[in-house]
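Sequences are here, hints too, so could you generate the full structure?
Residue 19 in the numbering used here sits at position 19 of the sequence shown, and the numbers go up by one each step.
Hint data in this document are derived by calculation from the structure and do not stem from the laboratory. All of these numbers come straight from a predicted model, not from anything done at the bench. Be aware that one or more of the hints could be misleading.
[As the list claims (entries may be wrong)] Derived Cβ-Cβ restraints for the label pairs, each shown as a range: (1) Glu45 to Asp23: 26 to 34 angstroms; (2) Asp9 to Val62: 24 to 32 angstroms; (3) Asn16 to Phe39: 14 to 22 angstroms; (4) Asp23 to Ala79: 15 to 23 angstroms; (5) Asp50 to Asn22: 30 to 38 angstroms; (6) Thr24 to Asn72: 27 to 35 angstroms; (7) Asp25 to Gly63: 26 to 34 angstroms; (8) Ile77 to Asp44: 33 to 41 angstroms; (9) Arg75 to Asp23: 17 to 25 angstroms; (10) Arg75 to Val11: 14 to 22 angstroms; (11) Tyr68 to His42: 26 to 34 angstroms; (12) Val11 to His42: 16 to 24 angstroms.
C-beta: ideal position from N, C-alpha, C; glycine also.
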Amino acid sequence: MSNTIIVGDWVVFPSNNKLRFNDTDYFVEPLAMEVLVYFSRHQDEVISRDELIESVWHGRVVGDHAVYRIINKLRKILAI
1 MSNTIIVGDW
11 VVFPSNNKLR
21 FNDTDYFVEP
31 LAMEVLVYFS
41 RHQDEVISRD
51 ELIESVWHGR
61 VVGDHAVYRI
71 INKLRKILAI
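In structure tokens, the structure reads:
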């Protein structure tokens, strides 16, 4: 993963699963970071659940709940 990504007003540090907003750091689980990085690399694209599972979960069998749980965690943090 790259060193730093800008997502809106957030600075994302994928290597240590950290997001920064207004000089405050927030940490996310590694899987959530992978999802955020994937979304940031595919801005302005519609990403299907299957595509996300294939790319981030590497095709492992996961239920919808696992995908939605990660996305909801990111939404809660990014809504700050």
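Problem - Pairwise beta carbon distance, Asp25 to Gly63, judged against the given window 26 to 34 angstroms - result: holds (31 angstroms)
Practice task
Note whether the CB distance of Tyr68 and His42 lies within 26 to 34 angstroms or breaks it.
Solution key: violated (18 angstroms)
Exercise for the section: May I ask you to test the hint 14 to 22 angstroms on the CB atoms belonging to Asn16 and Phe39? Expected result: holds (19 angstroms)
Exercise for the section: Hint says 27 to 35 angstroms; check whether the CB-CB distance for Thr24 and Asn72 agrees. Expected result: violated (20 angstroms)
Practice task
Look at the Cβ atoms of Asp23 and Ala79 and judge whether their distance stays inside 15 to 23 angstroms.
Solution key: holds (18 angstroms)
Problem - Distance restraint evaluation - Arg75, Asp23, Cβ atoms, bounds 17 to 25 angstroms - result: For Asp23 against Arg75, whose Cβ atoms are near 22 angstroms apart, the range 17 to 25 angstroms holds.
Handout entry: Status of the given 33 to 41 angstroms range, CB of Asp44 versus CB of Ile77
Key = At 22 angstroms between Cβs, range violated.
Practice task
Note whether the CB distance of Asp50 and Asn22 lies within 30 to 38 angstroms or breaks it.
Solution key: Since the Cβ atoms of Asp50 and Asn22 sit about 36 angstroms apart, the hinted range of 30 to 38 angstroms holds.
Practice task
Given the hint of 16 to 24 angstroms, check if Val11 and His42 actually sit that far apart at their C-beta atoms.
Solution key: holds (19 angstroms)
Practice task
Given the range 24 to 32 angstroms, decide if the beta-carbon distance of Asp9 to Val62 lies inside it.
Solution key: holds (31 angstroms)
Exercise for the section: For Glu45 and Asp23, compare the CB-CB distance with the range 26 to 34 angstroms and indicate the outcome. Expected result: holds (31 angstroms)
Exercise for the section: Evaluate the given range 14 to 22 angstroms for the C-beta pair formed by Arg75 and Val11. Expected result: holds (18 angstroms)
Hint check: violations occur at hints 6, 8, 11; the rest are consistent with the structure.
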